[in-house]
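Visitor: Take a look at the letters that make up each chain.
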Amino acid sequence: MAQNVIDIVVLVGLLAVSTPLLGTYMARVFTNKRAPGDRVFLPVERLAYRVCGVDPESEQRWTVYALSLLAFSLVAVVVLYALQRLQGHLPVNPDHLAAVPPALSFNTAVSFLTNTNWQNYAGEDTMTQLTQMAGLVTEMFASAAVGIAVAVALIRGLTRARATTLGNFWVDLTRILTRVLVPLSVVLAVIFIAQGAVENLHATTMVTTLTGLHQGIPGGPAASQEAIKQLGTNGGGYYGANAAHPFENPTGLTNLVSNWALLAIPFALTWTFGVMAGNRRQGYAVLGAMAALFVTALVIVAPLEAAGNAHFAQAHVTQATTAASPGGNMEGKEVRFGPVLSAAFGSSSTSTSTGSVDSAHDSYTPLAGGVLLFNMMLGEVSPGGDGSGLYGMLVFALLAVFVAGLMVGRTPEYLGKKVQAAEMKLVVLYLLLVPLVALTFSAISVVMHTSLASLGNPGPHGLTEVAYAFVSASNNNGSAFAGLSANTDWYNTTLGICMLVGRFALMVPVLAIAGSLGRKQRVPVSPGTFPTGTPLFSVLLIGIAVIVVGLTYFPVLALGPIVEHLAGKF
Amino acid sequence: MRRQLTTAVVMVLLVTLVCGLGYSLALVGIGEGAFGHLANGSLVSSGGRVVGSSLLGQRYTDAAGHPVARYFQGRPSAAVTSAATGGITVGGASNLGPSNPLLIGFVPGVNTVGLNGRPSKANVFATPVDPFCVPVTATTAATPVTRPTPGERLARHADGTYVCDPNTVPERAIAYRAEFGLPPGASVPVDAVTASGSGLDPDISIANAELQAPAVARARHLSLAEVRRLVAAHTTGRSLGVLGDPGVNVLTLNLALDRLGAH
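Heads up: the protein sequence lines correspond to chains A and B, in order. Per the numbering used here, the first sequence starts with residue 1, numbered consecutively. Per the numbering used here, the second sequence starts with residue 1, numbered consecutively.
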């Protein structure tokens, strides 16, 4: 336990270093100022613009920015669907896997397009190496870049005055890929390989084990996917067991690097926001709120899992943490990570939109599993996904200044921009859509016989399982209470719809808010302005986020994890 | 919109070629070139044939599923290797919830049901050795019954006690004590009776290995000190001394024992 605390302190230390460095660097990338590495990256980017017929100097209005984003996503989802359906006839398929069935292909294509990476399959025996590389890895890069692009467009809308444009989607996409995601992923992937994560194009190695049993050891380029999976807050595992699989996450070092990578960009973007706003404190306030929510969840989940499952003790199973035993609730956890680091990973993964797991969330003790669910219900703003975390928190910020404005009877402002009826309508739309689809589909799923047949666990835990699935999908997280057998037409389809709503039905209002704010002029600061770069504002942000989520989701939390905890005598 | 779509098609192709294929293949090149053994799955051999990967756990049981006494046993596993998976070992967790009788057994006051499947205050299936017994059916033995239907036939031993699902934590603890010669009611380390997240956990806790060591030493006619020396030699410490948790790599330990016997 004490040793694990050092591990977590190292994680926080890495984040404390990477947030300002990466944040400042990204601000330079997004403002098209001279940035480090121009000599390498600029020629590549110019070539890409020429091939794609993009004029890098021209900027787009919010509508065109949104249209470009939607066009890109439409083409990408069609390509990914086609790849899965045709993979049996395509090369780089050493295990001779057949086509993916239609409903599962739809679900998977949407899942990777929306940065969700919900997986109703195990990669080992479903996806060919070509589909993994050309399909899934491509979308892991692209979806992370698209999320960041939307956040950058919103920052521009907030910080520009009387501007009709928000930047150029194609330029933003290209620069994020060439200057942030690809270089960082290469470095991470090499670390993973050096620690033992596999990276090859072999067929499954069929071996006879020491006692004469059969084991099929899968091959595949897993390490390279692992890097962008974490960095891009994607979370889809090359193998079914995700980051618990030793070929994806072999050591304590890769686990720490993964945990850092999935938090690095979302936290750094708050710094980018402060720099681009010309007022670092604005970034600190958002960062402070995110960090407080993140740490709170972590310090609740980790001790709960370290304490273990009360019902194991009755069978004289010892769960004490000692130098010779990780102890704790080890069901669904790996010895090399133990309960504390597994819980830290799970909490990070659900606080971002990653959804990568190094332990089975379904087997967490009720309240710990409930906190993971709550992390996602917050809309993933602590710190959230690449880009989506920042724009989600900035939407909460608009709501917060609105509420503060109501209390003192003044027109609310954020960064000198008046927040008026048009923006507030979009904010409310943003906040209502996800709970609407998540709760509606959950409610339908717990009364239909066909969907109830998918439950992996009885009682209140089954309700949590269903709610977790829809909350995860509509918040684009992708982790699961995986006892739910969701590879059915009902879940493939409805979860797919949730993922699309949680992504595009939120991105378009965000871009509309950005467009609307960008056109406004900046109001000078007056004594009556509510300051938004202060710790007080961080507290207000946390309060708003928790109250909105609490009011929306409390019933399902009460009937699921809380009832299980009380009735189950944990 | 048309113009956007044209740009989108070219951009998607470009990202696919560069970030999807180009990036992945470049790393395959780096992996195979600089880290051949690791990139190929850390395969280990014995007697000239590959017997597994030092990163992946495997079962040390005979074809009937009984533990082989001369080997250290890994953790329970939910991984699947079958014809349906094409012979590929697909890792995975049990995904059993913390109050599921399939995991914790029937705990009175929590999740017990009677013979009619309705909630019951006591565990009517309890046996003298296992108060948390979850019965299995008589027809398809080994299928646990958590909601019996009235009249359903449950498997029983000759003395009339129920046959319990062997995969609950209490039953695994009982089997572990029997296998390694521990007295009834002795404490069992939690990792020995719980399935891992991957189903392929290569490690067991040091405490677990220490408890198994005497039985393995007996089966191999080795001194306990010799076996414990090997356990220590195959204990994987924390990465860089601080990251992760330590464990004993079962496959490399068992291979070392085999090599010892061969000399």
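Think of the hints as simulated: they come from the structure by calculation, not from any bench. Where is the CB? At the ideal position from N, CA and C, for every residue including glycine. A hint or two may mislead.
The calculated lysine to any residue pairs, modelled on SDA-like cross-linking and capped at a C-alpha distance of 25 Å, are [said to hold, decoys possible]:
no., chain 1, residue 1, chain 2, residue 2
1, B, Lys121, A, Tyr284
2, A, Lys33, A, Asn279
3, A, Lys425, A, Ser516
4, B, Lys121, B, Gly87
5, A, Lys569, B, Arg147
6, B, Lys121, A, Glu59
7, A, Lys33, A, Val9
8, A, Lys569, B, Arg118
9, A, Lys520, A, Gln420
10, A, Lys33, A, His316
11, B, Lys121, A, Thr165
12, A, Lys569, B, Gly151
13, A, Lys569, B, Pro119
14, A, Lys418, A, Arg61
15, A, Lys418, A, His316
16, B, Lys121, B, Ala84
17, A, Lys425, A, Lys33
18, A, Lys33, A, Val44
19, B, Lys121, A, Val563
20, A, Lys569, B, Pro144
21, A, Lys520, B, Arg118
22, A, Lys425, B, Pro144
23, A, Lys418, B, Val124
24, A, Lys569, B, Asn167
25, A, Lys520, B, Lys121
26, A, Lys425, A, Val44
27, A, Lys569, B, Leu25
Stretch by stretch, here's where chain B covers chain A in the computed footprint (C-beta under 8 Å, at least three residues) [claimed, not checked]:
no., region
28, 381-388
29, 547-556
Which chain A residues face chain B? A few, computed with CB under 8 Å, are given here [unchecked claim]:
no., residue
30, Ala35
31, Gly37
32, Val54
33, His89
34, Gly216
35, Gly240
36, Ala307
37, Val335
38, Gly409
39, Thr411
40, Leu452
Visitor: With reference to the structure, classify each hint as holding or not holding.
Guide: Going down the list of hints, with the structure as the test:
Our distance criterion of 25 Å between C-alpha atoms is broken by Lys121(B) and Tyr284(A), whose separation comes to about 55 Å. For the hint linking Lys33(A) to Asn279(A), the alpha-carbon distance of about 18 Å falls within 25 Å, and the restraint holds. Only pairs whose Cα atoms come within 25 Å are accepted, and Lys425(A) paired with Ser516(A) is accepted, the gap being roughly 12 Å. A distance of roughly 44 Å separates the Cα atoms of Lys121(B) and Gly87(B); the hinted pair therefore is violated under the 25 Å criterion.
For a cut-off of 25 Å, the pair hint linking Lys569(A) to Arg147(B) stands: about 20 Å separates their Cα positions. Under the criterion of a C-alpha separation no larger than 25 Å, the hint pairing Lys121(B) with Glu59(A) is inconsistent with the structure, at around 70 Å. Only pairs whose Cα atoms come within 25 Å are accepted, and Lys33(A) paired with Val9(A) is rejected, the gap being roughly 35 Å. This hinted pair checks out: Lys569(A) and Arg118(B) have alpha carbons roughly 19 Å apart, not beyond 25 Å.
About 11 Å separates the Cα atoms of Lys520(A) and Gln420(A), which keeps this hinted pair within 25 Å; it holds. Straight-line distance between C-alpha atoms of Lys33(A) and His316(A) comes to about 64 Å, which puts the hinted pair past the 25 Å bound. Distance restraint check for Lys121(B) and Thr165(A): the Cα-Cα separation of roughly 68 Å exceeds the 25 Å cut-off, and the hinted pair is therefore not satisfied. For the given pair, Lys569(A) sits about 31 Å from Gly151(B) by alpha-carbon distance, which is inconsistent with the 25 Å threshold.
Only pairs whose Cα atoms come within 25 Å are accepted, and Lys569(A) paired with Pro119(B) is accepted, the gap being roughly 15 Å. Our distance criterion of 25 Å between C-alpha atoms is met by Lys418(A) and Arg61(A), whose separation comes to about 20 Å. Using a Cα cut-off of 25 Å, the hinted pair Lys418(A) and His316(A) is violated, with the two alpha carbons roughly 63 Å apart. Between Lys121(B) and Ala84(B) the alpha-carbon distance is near 41 Å, which puts this suggested pair outside the 25 Å criterion.
As the CA atoms of Lys425(A) and Lys33(A) are separated by approximately 35 Å, the hinted pair breaks the 25 Å bound. With a CA separation close to 17 Å, the supplied pair Lys33(A) and Val44(A) stays within the 25 Å bound. Among the hinted pairs, Lys121(B) with Val563(A) is consistent with the structure: their alpha-carbon atoms are about 18 Å apart, no more than 25 Å. A C-alpha spacing of about 23 Å is found between Lys569(A) and Pro144(B), which places the hinted pair at or below 25 Å, so the restraint holds.
Between the alpha carbons of Lys520(A) and Arg118(B) the distance comes to roughly 65 Å, so the proposed pair goes past 25 Å and is violated. For the hint linking Lys425(A) to Pro144(B), the alpha-carbon distance of about 54 Å lies beyond 25 Å, and the restraint is violated. For the suggested pair Lys418(A) and Val124(B), the alpha carbons sit about 68 Å apart, so the restraint of at most 25 Å is broken. At roughly 22 Å between alpha-carbon atoms, Lys569(A) and Asn167(B) fall within 25 Å of each other, so this suggested pair holds.
For the hint linking Lys520(A) to Lys121(B), the alpha-carbon distance of about 67 Å lies beyond 25 Å, and the restraint is violated. Of the supplied pair hints, the one linking Lys425(A) and Val44(A) is violated, its CA atoms being roughly 41 Å apart against a limit of 25 Å. For the proposed pair Lys569(A) and Leu25(B), the alpha carbon gap of about 52 Å is over 25 Å, so the pair is violated. Counting residues of the region 381-388 of chain A whose beta-carbon sits less than 8 Å from any beta-carbon of chain B gives 0, not enough to reach three: the coverage restraint is violated.
Here the region 547-556 of chain A counts 0 residues with a CB under 8 Å from a CB of chain B, which misses the bar of 3, and the coverage is violated. A distance limit of 8 Å between C-beta atoms decides the matter here; for Ala35(A) the minimum to chain B is near 19 Å, and the interface restraint is violated. Given the 8 Å rule on beta carbons, the hint for Gly37(A) is violated: about 17 Å separates it from the nearest Cβ of chain B. For Val54(A), the interface hint holds, the least distance from its beta-carbon to any beta-carbon of chain B being 6 Å, beneath 8 Å.
Interface restraint check: His89(A) against chain B, minimum CB-CB distance 18 Å, threshold 8 Å, status violated. Checking Gly216(A) against chain B: minimum C-beta separation of about 4 Å stays under 8 Å; hint holds. Given the 8 Å rule on beta carbons, the hint for Gly240(A) holds: about 5 Å separates it from the nearest Cβ of chain B. At its closest, the beta carbon of Ala307(A) sits 12 Å from a beta carbon of chain B; the interface hint therefore is violated under the 8 Å criterion.
Proximity of Val335(A) to chain B holds as hinted, the smallest CB-CB distance being about 4 Å (cut-off 8 Å). Contact between Gly409(A) and chain B, as hinted, is not supported at the beta carbon level, the nearest pair being about 44 Å apart and thus beyond 8 Å. The closest approach between the C-beta of Thr411(A) and any C-beta of chain B is roughly 36 Å, which is over the 8 Å cut-off, so the hint fails. Using the Cβ-Cβ criterion of 8 Å, the hint placing Leu452(A) at the interface with chain B is not satisfied: the shortest such distance is roughly 14 Å.
Going through the hint list in order, the structure does not satisfy hints 1, 4, 6, 7, 10, 11, 12, 15, 16, 17, 21, 22, 23, 25, 26, 27, 28, 29, 30, 31, 33, 36, 38, 39, 40.
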